[in-house]
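Here is how the chains run, residue by residue.
Protein chains: 2
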Amino acid sequence: MSGAPAVAPGSGARPAPAGGEAEPFDAVVIGAGAGGLTVAFGLARIGKRVALVEGGAIGGDCTNVGCIPSKTLLDLAGRLRASGLEPGGDAWTAAAADALAEVRRRRDALREHETAQLEREPGLTLLRGRARLTAGGLVDVVTDGGSRRLRAPRVVLATGARPLRIDLPGLPPELVWTNHELFEAAAPPTHLAVLGGGPIGVEMATAFARLGSRVTLVEALPRLLSGSEPEASAVSETALRRLGVDVRVGVRAVGFEADGGRLLLAATEPGDGDGTARGTGDVDAGPVTAVDRVLMALGRRPAVADLTDVPGGLEALGIRVGRQGIVTDAAHRTGRRGVYAIGDVGERAKFTHAANAQGRRLVRHLTLPWLPLVREGDYPAVTFGEPEVAQIGPPLAALRRTVHPASIVSHRVDLADLDRGLTSGLREGFVLLHARRLTGRLLSATVVGPHAGELVQLLTWAQRRRVSLWQLSRHVVAYPALAEGIKRAADAFVFATLPALPRELAAYLRTRWRRPPADAPTTVTGDAAR
Amino acid sequence: MSGAPAVAPGSGARPAPAGGEAEPFDAVVIGAGAGGLTVAFGLARIGKRVALVEGGAIGGDCTNVGCIPSKTLLDLAGRLRASGLEPGGDAWTAAAADALAEVRRRRDALREHETAQLEREPGLTLLRGRARLTAGGLVDVVTDGGSRRLRAPRVVLATGARPLRIDLPGLPPELVWTNHELFEAAAPPTHLAVLGGGPIGVEMATAFARLGSRVTLVEALPRLLSGSEPEASAVSETALRRLGVDVRVGVRAVGFEADGGRLLLAATEPGDGDGTARGTGDVDAGPVTAVDRVLMALGRRPAVADLTDVPGGLEALGIRVGRQGIVTDAAHRTGRRGVYAIGDVGERAKFTHAANAQGRRLVRHLTLPWLPLVREGDYPAVTFGEPEVAQIGPPLAALRRTVHPASIVSHRVDLADLDRGLTSGLREGFVLLHARRLTGRLLSATVVGPHAGELVQLLTWAQRRRVSLWQLSRHVVAYPALAEGIKRAADAFVFATLPALPRELAAYLRTRWRRPPADAPTTVTGDAAR
Numbered sequence: 001m002s003g004a005p006a007v008a009p010g011s012g013a014r015p016a017p018a019g020g021e022a023e024p025f026d027a028v029v030i031g032a033g034a035g036g037l038t039v040a041f042g043l044a045r046i047g048k049r050v051a052l053v054e055g056g057a058i059g060g061d062c063t064n065v066g067c068i069p070s071k072t073l074l075d076l077a078g079r080l081r082a083s084g085l086e087p088g089g090d091a092w093t094a095a096a097a098d099a100l101a102e103v104r105r106r107r108d109a110l111r112e113h114e115t116a117q118l119e120r121e122p123g124l125t126l127l128r129g130r131a132r133l134t135a136g137g138l139v140d141v142v143t144d145g146g147s148r149r150l151r152a153p154r155v156v157l158a159t160g161a162r163p164l165r166i167d168l169p170g171l172p173p174e175l176v177w178t179n180h181e182l183f184e185a186a187a188p189p190t191h192l193a194v195l196g197g198g199p200i201g202v203e204m205a206t207a208f209a210r211l212g213s214r215v216t217l218v219e220a221l222p223r224l225l226s227g228s229e230p231e232a233s234a235v236s237e238t239a240l241r242r243l244g245v246d247v248r249v250g251v252r253a254v255g256f257e258a259d260g261g262r263l264l265l266a267a268t269e270p271g272d273g274d275g276t277a278r279g280t281g282d283v284d285a286g287p288v289t290a291v292d293r294v295l296m297a298l299g300r301r302p303a304v305a306d307l308t309d310v311p312g313g314l315e316a317l318g319i320r321v322g323r324q325g326i327v328t329d330a331a332h333r334t335g336r337r338g339v340y341a342i343g344d345v346g347e348r349a350k351f352t353h354a355a356n357a358q359g360r361r362l363v364r365h366l367t368l369p370w371l372p373l374v375r376e377g378d379y380p381a382v383t384f385g386e387p388e389v390a391q392i393g394p395p396l397a398a399l400r401r402t403v404h405p406a407s408i409v410s411h412r413v414d415l416a417d418l419d420r421g422l423t424s425g426l427r428e429g430f431v432l433l434h435a436r437r438l439t440g441r442l443l444s445a446t447v448v449g450p451h452a453g454e455l456v457q458l459l460t461w462a463q464r465r466r467v468s469l470w471q472l473s474r475h476v477v478a479y480p481a482l483a484e485g486i487k488r489a490a491d492a493f494v495f496a497t498l499p500a501l502p503r504e505l506a507a508y509l510r511t512r513w514r515r516p517p518a519d520a521p522t523t524v525t526g527d528a529a530r
Numbered sequence: 001m002s003g004a005p006a007v008a009p010g011s012g013a014r015p016a017p018a019g020g021e022a023e024p025f026d027a028v029v030i031g032a033g034a035g036g037l038t039v040a041f042g043l044a045r046i047g048k049r050v051a052l053v054e055g056g057a058i059g060g061d062c063t064n065v066g067c068i069p070s071k072t073l074l075d076l077a078g079r080l081r082a083s084g085l086e087p088g089g090d091a092w093t094a095a096a097a098d099a100l101a102e103v104r105r106r107r108d109a110l111r112e113h114e115t116a117q118l119e120r121e122p123g124l125t126l127l128r129g130r131a132r133l134t135a136g137g138l139v140d141v142v143t144d145g146g147s148r149r150l151r152a153p154r155v156v157l158a159t160g161a162r163p164l165r166i167d168l169p170g171l172p173p174e175l176v177w178t179n180h181e182l183f184e185a186a187a188p189p190t191h192l193a194v195l196g197g198g199p200i201g202v203e204m205a206t207a208f209a210r211l212g213s214r215v216t217l218v219e220a221l222p223r224l225l226s227g228s229e230p231e232a233s234a235v236s237e238t239a240l241r242r243l244g245v246d247v248r249v250g251v252r253a254v255g256f257e258a259d260g261g262r263l264l265l266a267a268t269e270p271g272d273g274d275g276t277a278r279g280t281g282d283v284d285a286g287p288v289t290a291v292d293r294v295l296m297a298l299g300r301r302p303a304v305a306d307l308t309d310v311p312g313g314l315e316a317l318g319i320r321v322g323r324q325g326i327v328t329d330a331a332h333r334t335g336r337r338g339v340y341a342i343g344d345v346g347e348r349a350k351f352t353h354a355a356n357a358q359g360r361r362l363v364r365h366l367t368l369p370w371l372p373l374v375r376e377g378d379y380p381a382v383t384f385g386e387p388e389v390a391q392i393g394p395p396l397a398a399l400r401r402t403v404h405p406a407s408i409v410s411h412r413v414d415l416a417d418l419d420r421g422l423t424s425g426l427r428e429g430f431v432l433l434h435a436r437r438l439t440g441r442l443l444s445a446t447v448v449g450p451h452a453g454e455l456v457q458l459l460t461w462a463q464r465r466r467v468s469l470w471q472l473s474r475h476v477v478a479y480p481a482l483a484e485g486i487k488r489a490a491d492a493f494v495f496a497t498l499p500a501l502p503r504e505l506a507a508y509l510r511t512r513w514r515r516p517p518a519d520a521p522t523t524v525t526g527d528a529a530r
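Each protein sequence line maps, in turn, to chains Y and S. Mapping of the first sequence onto our numbering: residues 1 to 530, in sequence order. Mapping of the second sequence onto our numbering: residues 1 to 530, in sequence order.
Since the hints were made in silico from the structure, they are not lab data. Just so you know, these numbers come straight off a predicted model, no measurement behind them. C-beta atoms are modelled at their ideal positions from N, C-alpha and C, and glycine is treated no differently. You may find that some hints are simply not true.
[To be verified] If you anchor each label on the Cβ, the simulated ranges turn out as follows:
#1 Y:HIS113 x S:ARG364: 47 to 57 Å
#2 Y:THR402 x S:PRO372: 28 to 38 Å
#3 Y:ALA109 x S:SER83: 24 to 34 Å
#4 Y:ALA94 x S:ASP98: 25 to 35 Å
#5 Y:GLY312 x S:ALA506: 54 to 64 Å
#6 Y:LEU498 x S:HIS180: 30 to 40 Å
#7 S:GLY313 x Y:ARG465: 46 to 56 Å
#8 S:GLY377 x Y:ARG465: 13 to 23 Å
#9 Y:PRO405 x S:PRO372: 30 to 40 Å
#10 S:ARG165 x Y:ALA109: 48 to 58 Å
Can you make the complete structure from the sequences, with help from the hints?
What follows is the structure, given as structure tokens:
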């Protein structure tokens, strides 16, 4: 990196201030979550002087209020449920409180470990405080002890996202949880209402049902996990009901009566959401009673609010903010020279592993700018419910908007039909592959079942590396593993394609370069928000 | 396939008999296990007339006395152990008997399913009986109803293997189990002695310990799972001891006293086995008492005994039999024209998935003989103990005999150090990769931990497809998954190699084409026999 002026003005209109008192760095990274830490460590380890600014806890959402505590809670709650203790008994109640405390202990241990790593890293300066971009391209940091002004030729915005809260008439604020409050609970609520049936909602409904809470899960769209395949939603809904969760789809929360803890629901109107709600006929919009906690899992919004005091905000600095987040090019550059954005604050995939991958891409790009940038590709998404739902690439409905429907072939194998499914007594779960006709190139894939988050790894490799089902069909799967489902689905493609090569070739040539028809189904796909 | 004379004489010395009464087929497949079924279905589905001869149960060892019942038993025994029932109580005893009965029910259901599939397949004739090759190259089948004589231009030997039994002085035959008898048990034994600490021994020691049996595991070599990395053996041994198994390594069973059920042991002499037994000083060779069942899990031998009545046996027909099984070339051809051997009866990898892969290779070769044969490659091996141990490629000690030790770099990541390890409370398990220096080509890999059998899939793909750790380091792992260990180990390679490219290049050039020194360590590696 050069010693060029800190964050050069976007239009070249305003020169950077002399900045006599500004402390010089090679890079300022704002936000110490998955993305920011990756960039800060990556640059520091190749000898750059990096300032890392964080106003909250080190580790970001993932470590503190996201993946780490949620997966720990799911794991411990699952063990409690399998423990043979009597649900609701004294031993159970104590164990549930223990589980919640253990979640915090493991989270704190990881946070301390990450903080210690940061402090040990030479070349890395950690500043605890809020960072603001100045009009002149410097970074002001307000810390407990005062304020500091930093200058650097590269500024990386990695401030993440914040949970969305809605105002529900009559709902006392002290009954509201988001993922920021829920892991502080000393005991599970008696009756938890979860608003939002996306990944976070499904995972936390699962966790608290396992802990013994009564749980009601409310989703405005006609199905849970609307960013996944409908078949995955169906399995997930069945499994949650089996756990005792009251699943209400096609309804919205419209009010709360503190007396009796009544959560008032209304059927989603056509036109709400993406307009695909089913008719009100088959929807249970009756009120839910005795609710003592409401978890809002309604999605997350990029944390861009306090990034600058300049009138006109980020846009005035030349940094465009879309509905999904800060707009960047493939090199993660914002519209302002020298300013980059990665992770949840950006407009692309909102996952810890996406933030990490983008951080690595950015380090490579800043270090070796002459290396061509490879396509970012799709990111896998896993919901760690019961069963796990894992996916790489868009679900079929979305795929049909970019690839001609007649050019897509789909093959599904049920895990119960595999030998490992038999030995494990599986009754549900599947592997579903969508591929390009004839060439068999894997376009997207979904796995629902035990350890789907591990099973999706080979599919992630294949989808991102343009591997075909011809090749996957020759993969050797250690027997008996559930991964056999991947091979069997690929085999099904081969058996369907091989005897009909002329027909498949004709269909391929006819559709390969054709645009999908405008009336291709565009049903529910929603956001696969982390 | 041509209508050429059935099994042409090896040396051309003896002409095939006129065979007026022999029934003509395109192929005769002997043995309806994993390999034989694959070939029989594969050929029948492309229109060939196939005779499939099986004297025992359809499905072979895997379905009847191998993977299927063993993995089902491991699963059900694990559930019993997690059930919260009091071990040894009446409810427990009933549940353990139920588990053993359920193993048989699922096995029988699969066998019936496979048998029905066979009977539905047009072009496939199932003959229940023993097959013998005649001097003239025909196949005589002795069935209940008499005998039939078959002729075909292709004969495929897929008779599998039989468990090895040893004579132990004083041991009543009715106390002896092999994998053929053990799944018929109505109740778990009180004290099971398992002879042999390979994959079958470790799995069955795990299963019966979970079912509540007292278990003693006896292994003559100084460690369990001697075909795996020593680190894997260590984790496995610790886990078995934690389950309550009395693990005795470096000792052999030398006798039995029926009175008191005393199993007599002796320290393995240097020179026994592969000569690497540790000194007798640290070995517990004291007798084991109150044993009421002895499981022999001492390895398996190719089932070649009854394949012909010709004086001089298979060798006289031109079919060579080595210590590990029937010798074939890469196209699975034996020394006799028209006769092939695949699966456990052959001398290569002894796994269900290897038999399946070889069956597919053979079908492809017979159908499209002009297609070049790709290298067979290594097969993954999984021991489904607690934890699972999965491996692709040779362990380091064996690798060092074919690749110069200075050309191998190794990287290990402990699962407990991964975020998913933290959320799941893992204390043990690891990913260990061995790669070619500089190029990073994956040579072999071991995973020990939960679902290692699924985690090894991506590594299997990478090892068989010559993927490098440079590439694996750019893989995107859905967070938080244990597969992150694979990426982290690959990252460690990149971080070690990148800053030292000149040194690594020099070392690569110095060692890449050099033979390993003759004194490279050749310690215990043994057989990774399923």
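Task: Beta-carbon spacing of ALA94 of chain Y to ASP98 of chain S - inside the hinted bounds 25 to 35 Å or not - done: For ALA94 of chain Y and ASP98 of chain S the Cβ distance comes to about 32 Å; the hint holds.
- [ ] Check the following: the C-beta atoms of HIS113 of chain Y and ARG364 of chain S are separated by a distance inside 47 to 57 Å.
- [x] Since HIS113 of chain Y and ARG364 of chain S have Cβ atoms about 52 Å apart, the given range 47 to 57 Å holds.
Open item on the list: Holds or violated: the 24 to 34 Å window for the beta-carbon distance between ALA109 of chain Y and SER83 of chain S?
Closed with: holds (31 Å)
Open item on the list: Range first: 48 to 58 Å. Now tell me if the beta carbons of ARG165 of chain S and ALA109 of chain Y are that far apart.
Closed with: Since ARG165 of chain S and ALA109 of chain Y have Cβ atoms about 52 Å apart, the given range 48 to 58 Å holds.
- [ ] With 30 to 40 Å as the target window, see if LEU498 of chain Y and HIS180 of chain S comply at their CB atoms.
- [x] Holds, since LEU498 of chain Y and HIS180 of chain S (Cβ atoms, about 39 Å apart) stay within the stated range.
- [ ] Could you tell me whether the CB distance from GLY377 of chain S to ARG465 of chain Y stays inside 13 to 23 Å?
- [x] At roughly 19 Å between Cβ atoms, ARG465 of chain Y and GLY377 of chain S fall inside 13 to 23 Å, so the hint holds.
TODO: Just tell me: holds or violated, for the beta carbon distance of GLY312 of chain Y and ALA506 of chain S against 54 to 64 Å?
DONE: With Cβ atoms ~57 Å apart, the hint holds.
TODO: Could you see if the CB distance from PRO405 of chain Y to PRO372 of chain S stays within 30 to 40 Å?
DONE: About 37 Å separates the Cβ atoms of PRO405 of chain Y and PRO372 of chain S, which means 30 to 40 Å holds.
Open item on the list: Quick check on a hinted range of 46 to 56 Å for GLY313 of chain S and ARG465 of chain Y, using CB atoms only.
Closed with: Cβ of GLY313 of chain S to Cβ of ARG465 of chain Y: about 49 Å, so the range 46 to 56 Å holds.
- [ ] Please test the hint of 28 to 38 Å on the beta carbon pair from THR402 of chain Y and PRO372 of chain S.
- [x] Holds, at about 37 Å.
The structure meets every hint from the earlier list without exception.
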